[in-house]
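Visitor: Below, each chain spelled out in residue letters.
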Amino acid sequence: MSGRKTFSLAELAQALELEFQGEGETRLLGIAPLATANAGYLSFLSNIKFKAALQASSASAVILHPEIAVSYTGNCLLSFKPYLSYAQASALFDPLEKPRAGVHPSAVVVAEDVDDSVAIGANCVIEQGAQIGAGTVIGPGAVVGANSRIGTNCFIHANVTIYHGVSIADDVIIHSGVVIGGDGFGFAPSSSGWQKIHQLGGVRIGNRVEIGANSCVDRGALEDTVIGNDVICDDYTMIAHNVVIGDGTAMAAACQVAGSTVIGSGCTFAGNVGVVGHITIADQVHITARTLITKSILKPGSYSSGTGMMETGLWRKNAARFAKLDELYRRVVSLEQQLKIQEKDEG
Amino acid sequence: MSGRKTFSLAELAQALELEFQGEGETRLLGIAPLATANAGYLSFLSNIKFKAALQASSASAVILHPEIAVSYTGNCLLSFKPYLSYAQASALFDPLEKPRAGVHPSAVVVAEDVDDSVAIGANCVIEQGAQIGAGTVIGPGAVVGANSRIGTNCFIHANVTIYHGVSIADDVIIHSGVVIGGDGFGFAPSSSGWQKIHQLGGVRIGNRVEIGANSCVDRGALEDTVIGNDVICDDYTMIAHNVVIGDGTAMAAACQVAGSTVIGSGCTFAGNVGVVGHITIADQVHITARTLITKSILKPGSYSSGTGMMETGLWRKNAARFAKLDELYRRVVSLEQQLKIQEKDEG
Amino acid sequence: MSGRKTFSLAELAQALELEFQGEGETRLLGIAPLATANAGYLSFLSNIKFKAALQASSASAVILHPEIAVSYTGNCLLSFKPYLSYAQASALFDPLEKPRAGVHPSAVVVAEDVDDSVAIGANCVIEQGAQIGAGTVIGPGAVVGANSRIGTNCFIHANVTIYHGVSIADDVIIHSGVVIGGDGFGFAPSSSGWQKIHQLGGVRIGNRVEIGANSCVDRGALEDTVIGNDVICDDYTMIAHNVVIGDGTAMAAACQVAGSTVIGSGCTFAGNVGVVGHITIADQVHITARTLITKSILKPGSYSSGTGMMETGLWRKNAARFAKLDELYRRVVSLEQQLKIQEKDEG
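Residue numbers (the numbering used here), protein chains in the order written: chain U, 1 to 347; chain G, 1 to 347; chain S, 1 to 347.
In case anyone wonders, no lab produced these hints; they're calculated from the structure.
Any given hint could turn out to be false.
[To be verified] Label pairs and their computed distance ranges (CB to CB):
| hint | chain 1 | residue 1 | chain 2 | residue 2 | range |
| --- | --- | --- | --- | --- | --- |
| 1 | S | H286 | U | G193 | 55 to 61 Å |
| 2 | U | N38 | S | F50 | 55 to 61 Å |
| 3 | U | R100 | G | E23 | 57 to 63 Å |
| 4 | G | A39 | U | S192 | 32 to 38 Å |
| 5 | U | R330 | G | H286 | 24 to 30 Å |
| 6 | G | P105 | S | G24 | 50 to 56 Å |
| 7 | S | D115 | G | H286 | 53 to 59 Å |
C-beta atoms are modelled at their ideal positions from N, C-alpha and C, and glycine is treated no differently.
With the rest of the complex left out, here is chain U (with noise of 0.2 Å):
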């Protein structure tokens, strides 16, 4: 980690192929939001509604859609998507340098198959068989089991653990305290307690995921657990045995998904979403908050459960109602029938 990097105008504008108006040697020490943006600081407009806090923003440049830039008289980039442009400038301006190639001299590698590009920080452990790509980066503490390959261009934070047999493809990104490849749960009753099924399959990760901290990954009883190409999963996310995500799925923190659940492509879950097991989830299926999934969803859509928010002393007597909502339902149709007959006596 080296100290703060700073960029002309000009020199953004050409790392992001941008064209800009303004002063190009304006200098940028960094980031900020319009609304607390200092003079030095790049700033972005990525929704029309917030464009009262571009007049009043000291930012010293801001990313701005073409439309906006005309009557904008300060210094600016032109992007049609200044949100992306957002982020691809944050990748310039991060302080956090990739480690140096190298294995620490305090880790202990078993593993004959790991680029010299690789590198593996102070107290790794890397058990016989792993493959460790070019270009990948294990932090202190992180552990990879036996036989486990991960690809090129990776960042494995520290403190991680990867088991046996766990396939990761490249670009990937896994948070600190992940653990991937643990048992899946599996068990036989049997008239001595329950019985262990042995998890023997593995788990398989595609290209440029990203996985959270502390998320969990639990490896397939026979065949694996696949998480596709560009998924991103923040923290505490549970993904179960056997499960299968496709490609480009999101899941905010604490999602879980129970054990041979299949979910499609593209579909986005807010944060703390449950799945139970052995159903399927269509592509381009998006659903809010803290919802429990309890069945198949065959079609794209979005989709919910549970209850709003609301005062204790009212919430108590609703949750009280609803332990009655059955009886509810049917006296409101005793009070129906009753009406259709009087209107028939009346009739």
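With chain U held as given, fit chains G and S onto it using these hints.
Guide: Below, chains G and S alone, put in the same frame as chain U:
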């Protein structure tokens, strides 16, 4: 970890103490589900529902109930409990070899009471006064705190943290990222903020317990947190201080049990069940996914909370009505009274 | 960690700055609840409800409110806040000794600004530019990233991971498995998949904060994620990027706060509360277990969501009716209108 293990049908029959039908010398390379088993694989039919898959399967041998086997012409192992036999077979095919006994040179073992047959992985730390029983494996990077005792034939996976004063019996499996004996959440309010209550109890874990990755079992405030024999917990199980869990209880992923609650034996909790503190759950209680248990359950049975999943548009309308459920109830009562009055008037 | 600590009643009275009644030389070996305390143990009566337990207890001394002590003939410590005095006494009896200052030879300490009084455990990694204040303990296997600062008298337990650029103030306790400063979940959609938004902010944690095992506090996108002074969080707390938590707020296990939400001071969240992103919670807001906070809360009070628990058979019926709740509401409205029309007709 060695290469793949293979068995002949006759060898498997002997190892599992089962009869077989067919060619005993058939070589079996692994286990696979009926639908995807290739030649060379063992499969099993645990549920008569899937009998069609049996005829379609390319498996080279199948574990079958004798009643099914009567009409089956292929190779099979005869078992009255095919699923249990599959579980037992899975242990035979598991390629994960137990690490060799011995202390890795990079491990820091201050404790003196470590059996010669124990395997202590790279970069482990075993603090003063800890005891590790015969045949136990401590994975790389795991930490065992002062005066903690681990029994015989346990498997403590990589990067597990066991605090001081924890007691773990025999044949226990603890997956990576688990923390046993962290402080329970105890604080007394004071005029200068929260006064920490030091957690002076420990944790006691019974025989044949398995705890999934990244779980937490907190130490007791004054007495111990207790997990009985044959308890199985999936990933992210959260057991708060002074909880007691009875023998043989099973918890799927992400169950959370608040402080001082006592759970019976033989219970099954589906995924992400929550339990409030200071209550009692009877034996043989079964809880559906994501239920929040808000009060003691004194009789065996199945319990639930929550709402079903639906399309978000409909859900929003229903959830909005939930906020008026008590009002709705009262309006129905009022309608009923009105109708009775009318009846009287008309009577 | 040494053996058990013991105190005479008089010594305890002096240490806790309390008056006592009875025999000052009474030896006390530990603390226990009234119901299970044996001779030799100190207990406490924090709630007058449990007064019956006081008479039945075998405790050798009890912390009592002076009004209760008047009619108590045994040994006691007099406190106007017995629960707070118990908390203070628990610190005295804690057998966990602070590790001795010094850097374990197996630790990898690249940083230069580590106070001589710091205790750095086996296999720790302290990266370049990190600062560790006087009296702080870093447990075995913990990793402190580049340029992160940890204040004085903190206790960072084993296998904690602190990323680069994190700032932790004084007297902070962080339990095992916690990850501080992992990347917030920020991605911009692009035609070629998700473009990662590098998380350029840090994390700032105030004084006297405690964070439970396996929690995650993500770094900010552009500005810092902030946890105020005296905040206490139980295990599995998930704090997303750019969240701000006010002083003295308490969160029980598994609370999840989504990005950019601002939470006031003096709030208490029961277990597994969820909070959506980009909202504001006022000071002194109290939330019941498992509530999902879906919108800003602008005034103090207690808030809830969800449904009560019931037997699964009844629950299924009620949950099915929930799916028709809006329809039911409309039918009730229609009944009301019909009755009004009838009344008119009859009028």
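Visitor: Each hint: holds or not?
Guide: The hints, checked one at a time:
1. S:H286 - U:G193: 55 to 61 Å: For H286 (chain S) and G193 (chain U) the Cβ distance comes to about 42 Å; the hint is violated.
2. U:N38 - S:F50: 55 to 61 Å: Between N38 (chain U) and F50 (chain S), where Cβ atoms are some 58 Å apart, the hint holds.
3. U:R100 - G:E23: 57 to 63 Å: 59 Å, holds
4. G:A39 - U:S192: 32 to 38 Å: About 34 Å separates the Cβ atoms of A39 (chain G) and S192 (chain U), which means 32 to 38 Å holds.
5. U:R330 - G:H286: 24 to 30 Å: At roughly 27 Å between Cβ atoms, H286 (chain G) and R330 (chain U) fall inside 24 to 30 Å, so the hint holds.
6. G:P105 - S:G24: 50 to 56 Å: Since the Cβ atoms of P105 (chain G) and G24 (chain S) sit about 54 Å apart, the hinted range of 50 to 56 Å holds.
7. S:D115 - G:H286: 53 to 59 Å: 54 Å, holds
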